[in-house]
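Enquirer: For reference, the chains in residue letters:
There are 2 protein chains.
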Amino acid sequence: MKCRVCRGPAVIDVRRQNANYCRDHFLRMCRDQVAKAIDEFDMLHPGERVLVAVSGGKDSLACWHLLRELGYDADGFVIGLGIGEYSDASTAYARTFAEERGLTLHYCNLRDEHGFDVPTAAKATKRVPCSACGLSKRHLFDAAAREHGYDVVATGHNLDDEAAVLFGNVLRWQTEYLGRQLPVLPGGNGFPRKIKPLVRLGEREMAAYCVLTGIDYIVEECPMAAGNKHLGYKEALNAIEAQSPGSKLDFYFGFLKRASARFEGESGGEPVTLQPCERCGSPTPAAVCAFCKLSERSADCEPVALRERR
Amino acid sequence: MKCRVCRGPAVIDVRRQNANYCRDHFLRMCRDQVAKAIDEFDMLHPGERVLVAVSGGKDSLACWHLLRELGYDADGFVIGLGIGEYSDASTAYARTFAEERGLTLHYCNLRDEHGFDVPTAAKATKRVPCSACGLSKRHLFDAAAREHGYDVVATGHNLDDEAAVLFGNVLRWQTEYLGRQLPVLPGGNGFPRKIKPLVRLGEREMAAYCVLTGIDYIVEECPMAAGNKHLGYKEALNAIEAQSPGSKLDFYFGFLKRASARFEGESGGEPVTLQPCERCGSPTPAAVCAFCKLSERSADCEPVALRERR
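Residue numbers (this note's numbering), protein chains in the order written: chain A, 1 to 310; chain B, 1 to 310.
Calculated directly from the structure, the hints in this document are not laboratory data. Be careful, since some hints might not be right.
No distinction is drawn between identical chains; accordingly, a pair holds when it is met within one copy or between any pair of copies.
[Claimed, not checked] Under the rule of at most 20 Å between Cα atoms (straight-line distance), these lysine to any residue pairs were calculated in the SDA-like manner:
1. Lys229 - Gly254
2. Lys229 - Pro245
3. Lys229 - Gly246
4. Lys234 - Val128
5. Lys234 - Asn169
6. Lys229 - Arg15
7. Lys234 - Pro245
8. Lys229 - Ala239
9. Lys36 - Gly202
10. Lys137 - Glu113
11. Lys229 - Thr213
12. Lys36 - Asp161
13. Lys234 - Gly168
14. Lys229 - Cys277
15. Lys229 - Thr125
16. Lys229 - Pro9
Here the structure is a predicted model, which is why all the values come from computation and not from measurement.
All chains should be modelled from the sequences, with the hints used to inform the complete structure.
Expert: Have a look at this one:
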């Protein structure tokens, strides 16, 4: 197995590219793919400050690392979500990564600063934990970007993530979501731009990137996400990819090129007027924002111990 | 396990309906679903003559049976495709079905009447056999409908088939195919209308329908189709369906309701002008139709023995 670029011994194969790479050329390929995605979708402009939403997993740490390697002014932000030992360990990986490299990492603890955690919010709302978790993360990333003056929030969603979300949206033809599933969401009205620089790279490549650059990350998946539909969609697409390498890339980028625009403007109706939330000041179409409502509902609920989903 | 309708002992469960049925109410449910599909998509009108494209498998025989049960004037048409013993056995099942019920079955043998068979055509065109097979079947169904005065050709495509084809088209965002993937294709210009009356019923239900009505059918899949991508798509969707019963129905009917129209008119450009094929007289945009070209290419090729795809 020889490197496609230098013909030296290869350490990894990338089947959808029908290519093998040595360590150095694999890392360069990853950087090139991120640079290509940033350019292709006009994700970042010179001088902009980036806040990377860090979980402590391979994708967000690699995303942060890659943005710095490409010369961007990128800091990190990690949230203590209160999902038992999993959250403690995740946060520790993020802290170690930042300390070893002398990088700025912002931190927010959901229970200390907002009086609840994800398991309690899931119980209070009687919905899947991923729902309260996603809402909280989006709110806190936006608020941190406003507070600290970042133009852009970057997340570590990779090609496997985006293809699986797309598959879920297509299976139910959720046209509103399909109209919004883009690698860049524009900012404005008090919201930072959202970007996904890893959309051209798969899960396996991100794990390899971390191993080959010496990034320690939390390997476990979130225990509350076990058994969710998203993982089922990933498995189904993995079977397709094994049969025809490149299927995921074609699926996601074919959507962006030939279908996405057909679903634009689906939320429709009048443009929404935003006003500051009465409680926290975040821009919201209602009097109180969804995060503050979640926080209030959860405050009435006894803190619950972590339970895995079955 | 009790029948949803009469509370008598049930013989089958239909998970996506969260229901069990006794024999009689299962058969009624199948008839009702076919009647609903015919009505919903305006497939058939009173007095129209239907030609059922019969393969000898469960779907096409059940389709024929169901259309007769619902009172339609439906005859059958089977093609000897020359796929070794598989074709002989398939044709025999179709013949037995028709004879036992005193029904009219038209027959055409590809090698005897057109000088080639599917394995030879696959070799001559250096493409997957399903390609030459599909082209030949579409041509011969259309020609038989014209010759014998049928208004409509019905095929036995069931929900699993349509969902898998849709999945394949969506995976590659083949917008032209997405614009045409409908349960009814209008007729005109010398072509019969094409209808798929089984789109509301799954593969497993069609097998049960045959068993419970005493229809003998060929159980084996076509040996030349083994390993094709379509089967991989079916497997992936089966995994999703097992996790969330009803997913396939939502996927296919959600597409028809909320997405299909967005892909209409994709073939675009000027309306195509059709003229009679110089060889066979079928309407075609070219001087010689695709079937006659296939027949000519295959005539130059030594007949080949059946080979399974790997």
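Enquirer: Hints first: check each against the structure and report whether it holds.
Expert: Each hint, compared with the structure:
Taking the closest pair of Cα atoms, Lys229 and Gly254 come within 20 Å of each other only across two copies (18 Å); inside a single copy the shortest separation is 23 Å, beyond that limit. For the homomeric pair Lys229 and Pro245, the shortest alpha-carbon distance between copies (12 Å) is at most 20 Å, but the shortest distance inside one copy (23 Å) is not. Taking the closest pair of Cα atoms, Lys229 and Gly246 come within 20 Å of each other only across two copies (14 Å); inside a single copy the shortest separation is 23 Å, beyond that limit. Proximity of Lys234 and Val128 under a CA criterion of 20 Å is satisfied intra-copy only: 18 Å inside one chain copy versus 28 Å between copies.
For a Cα distance limit of 20 Å, the shortest separation of Lys234 from Asn169 qualifies both inside one copy, at 13 Å, and across copies, at 18 Å. In this assembly of identical chains, Lys229 and Arg15 lie within 20 Å of each other by CA distance solely across copies; the values are 18 Å between and 26 Å within a copy. Taking CA atoms no more than 20 Å apart as the test, Lys234 paired with Pro245 passes in both settings, with 14 Å inside one copy and 18 Å between copies. Proximity of Lys229 to Ala239 under the C-alpha cut-off of 20 Å is found in both arrangements, the shortest distances being 16 Å within a copy and 11 Å between copies.
Taking the shortest Cα distances, Lys36 and Gly202 sit within 20 Å of each other inside one copy (15 Å), while across copies they are farther apart (44 Å). In this assembly of identical chains, Lys137 and Glu113 lie within 20 Å of each other by CA distance solely inside one copy; the values are 14 Å within and 68 Å between copies. For the homomeric pair Lys229 and Thr213, neither the shortest alpha-carbon distance inside one copy (32 Å) nor that between copies (37 Å) is at most 20 Å. For the identical chains of this complex, Lys36 and Asp161 are intra-copy neighbours only, at 18 Å inside a copy versus 38 Å across copies, given an alpha-carbon limit of 20 Å.
Proximity of Lys234 and Gly168 under a CA criterion of 20 Å is satisfied in both settings, with 10 Å inside one chain copy and 16 Å between copies. Proximity of Lys229 to Cys277 under the C-alpha cut-off of 20 Å is found in neither arrangement, the shortest distances being 32 Å within a copy and 51 Å between copies. Proximity of Lys229 and Thr125 under a CA criterion of 20 Å is satisfied intra-copy only: 19 Å inside one chain copy versus 42 Å between copies. For a Cα distance limit of 20 Å, the shortest separation of Lys229 from Pro9 qualifies neither inside one copy, at 39 Å, nor across copies, at 34 Å.
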